[in-house]
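Protein chains: 2
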Amino acid sequence: MSLDQQYDVSCGPLVGDLTERLRDHAVDHVRRCCADQLAGRPEARVAAEALPGYVSGGKLLRSTFALVGWSCGRGGSDAAMRAVASLELLHCFALVQDDVMDGSPRRRGRPALHVTLSAWHREQGLSGSAERFGASAATLFGDLLLVWAEQMLRESGLDDADLARAWPLYDAMRAELVVGQLSDLVNDTRAEPTWESVLDVARRKSGNYTVRRPLEFGAALAGCDPSVTAPLSRYGALVGEAFQLRDDVLGVFGHPSTTGKPAGDDLRNRTATSLVVVARDRAGPAQRRAMRALAHLDHVDADAVAAWQDLICDTGAPERIEEIITARVDDALAAIGCADVPEHARDALTSLAHRCTDRRD
Amino acid sequence: MSLDQQYDVSCGPLVGDLTERLRDHAVDHVRRCCADQLAGRPEARVAAEALPGYVSGGKLLRSTFALVGWSCGRGGSDAAMRAVASLELLHCFALVQDDVMDGSPRRRGRPALHVTLSAWHREQGLSGSAERFGASAATLFGDLLLVWAEQMLRESGLDDADLARAWPLYDAMRAELVVGQLSDLVNDTRAEPTWESVLDVARRKSGNYTVRRPLEFGAALAGCDPSVTAPLSRYGALVGEAFQLRDDVLGVFGHPSTTGKPAGDDLRNRTATSLVVVARDRAGPAQRRAMRALAHLDHVDADAVAAWQDLICDTGAPERIEEIITARVDDALAAIGCADVPEHARDALTSLAHRCTDRRD
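Note that the protein sequences, when read in sequence, are chains A and G. In terms of the working numbering, the first sequence opens at residue 0 and continues consecutively. In terms of the working numbering, the second sequence opens at residue 0 and continues consecutively.
For the record, the hints were derived by calculation from the structure and aren't laboratory data. Since the model is a prediction, treat every value here as computed from it, not as a measurement. Virtual Cβ for every residue (Gly too), placed ideally from N, Cα, C. The reader is advised that the hints may include incorrect statements.
As the list claims (entries may be wrong) - Reference listing, derived: stretches of chain G covered by chain A, where coverage requires no fewer than 3 residues with Cβ under 8 Å from a Cβ of chain A: (1) 114-127; (2) 172-180; (3) 342-355.
Claimed, not checked - Which chain A residues stay away from chain G? Per the calculated CB distances, all over 10 Å, these: (4) 16; (5) 23; (6) 58; (7) 118; (8) 190; (9) 284; (10) 292; (11) 306; (12) 315.
Chain A on its own, in the form it takes in the complex:
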């Protein structure tokens, strides 16, 4: 297989193959770190068994986008694969700690890590609060993933000169990710944020972290020219925003089998997402009063979720969000349509734009 073929990340069977290879690299590194650093520690065994599952259970969007960024400048290598696969460990750090902060019970189709650790504490009959242990220990495993991610990148085998171009972006991405989580802590429907501020959070959180920064990171590792990175950035910002808008739709209407979360999770958590805010802005006075009453319930139960979903539908907000998603994807494809990127990358970006933003149920 030629180097070019190795990096045919367009739609087709090779996407699957590349995704599996990225997954293998990420899981290998986690397994090796667990073996090196956690062996012989009973309180770590249950997490060491669970961590590879969390790392491998994702869609590997971030590492795939980074690989496409890389492929705009250079041919394939195992070193490059390892470097971009490290983003999956970084993402896993964020998920593990996010689940602690949100008290989320499940992640990627399995119990969240803090839940698994609490259960272990209970089974062992240890003293003290099992919940507290689960939260603290999961936070520490999140810290380890953050360290392992950076170590995997540094030890990927890429030259220091390649890495040196990407470190500033990597640091900025990590900070942006953590600061995005911080903003999420004060995100609450009841505070009635504006559409602009919600869109700003969406851009910062997903627009940047899921699509734009990984693309830029891969392109920086490969030493791409600004003529290549500028359209990638523009595409990344647009597709990232559309991805977050899709996620916001699923957060209200998605099925648990698709989202891995309870139905109407964003409503239950009173997260002020794009869909919730557009609905509020389009609502008549009576609808708006009804939404506000639901948001202020002590407990948003299944009936409240259903009533809130109906109200949102009545405003026409879902159709409006679909229009925006379509427009963002169209603009993104236009941005790379005439850009100075290789044909195989353009094909991959076209396919990925749809994969990221299409209805998923």
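With chain A fixed as given, assemble chain G onto it according to the hints.
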């Protein structure tokens, strides 16, 4: 001032001067990161104001040991100062998250970061639990400190070749630190651990992280020969263990003005430290029953602390721990007495061994 004078880290006025310079470097980096990454975010402002205080409030033991390690091989430079000062940010990451996990109210003479953040949440009248917000936000600021520490080291100005020698040690130190925290979560007097296992935790936690690894890290950055690093490692393991034993004495008998924590904090938290375990092992059957009863109280109050302290004294455990501390320091000084290290470093290590392990109240 000549380069050699700059690195006279022995006792005397220059120690103070060097400590201040390390402090300035650490605080500068934190301030710059806050300005770059947290500006304009109201939920971050209170932490951005508080973080420099936590970083500057310590004794800078770790960066000082690392500087001594460096000075065994090379002369002074601002790049080296920045590289070793980065350890203070790493330490601060551990403290901030540790306080969340232990629910500690104070740190370095001020409210713990999670307490400050909870208070801010309450003042702003935000919805949701202020405690939960404080814990989550402090965890995220801990994550930022972990990232900033590594960034500070990488951008210190040292050559890639110098850094390359130290990265494996740095990664191992970070993992050891996090895994040490994890072990602490299951540390409970009520589980009645053995003296050997408690000493193992003491070595891993402080023996390595506070003294040994920083020394080795500084020496690795400077490219020291094994003939230099071997005695530094031996010294570090011994002084580190003595440091932790001193800390264990203070955890039972220390005054809040010295420790910055409530009196008898380790007893209240039922932490199985060296002192507690030696006392238990030396106790007669009646004393042991009394200790066990205190450990199993629902709430270890001030009277229980006083009774437990008396029981510990009656066993002669404090004198036994003092003997061990003295023996460890003697062995450590012997290890560097005839070692191949510069005279100024030997002087500094002698002074630091006493400063780390002397009675502090």
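These are the hints, each one checked on the structure:
1. 114-127: Satisfied; 3 residues make the cut.
2. 172-180: It holds, with 6 qualifying residues against the three required.
3. 342-355: violated (count 0)
4. 16: It holds; residue 16 of chain A is separated from chain G by about 31 Å at its closest Cβ, greater than 10 Å.
5. 23: 22 Å, holds
6. 58: At about 24 Å from chain G, residue 58 of chain A clears the 10 Å cut-off, so the statement holds.
7. 118: 15 Å, holds
8. 190: Given that some Cβ of chain G is not farther than 10 Å from that of residue 190 of chain A, nearest at about 7 Å, it is violated.
9. 284: Holds, since 23 Å exceeds 10 Å.
10. 292: Residue 292 of chain A clear of chain G: closest Cβ-Cβ about 15 Å, beyond 10 Å.
11. 306: Since the minimum Cβ distance to chain G is about 20 Å, residue 306 of chain A lies beyond 10 Å and the statement holds.
12. 315: 28 Å, holds
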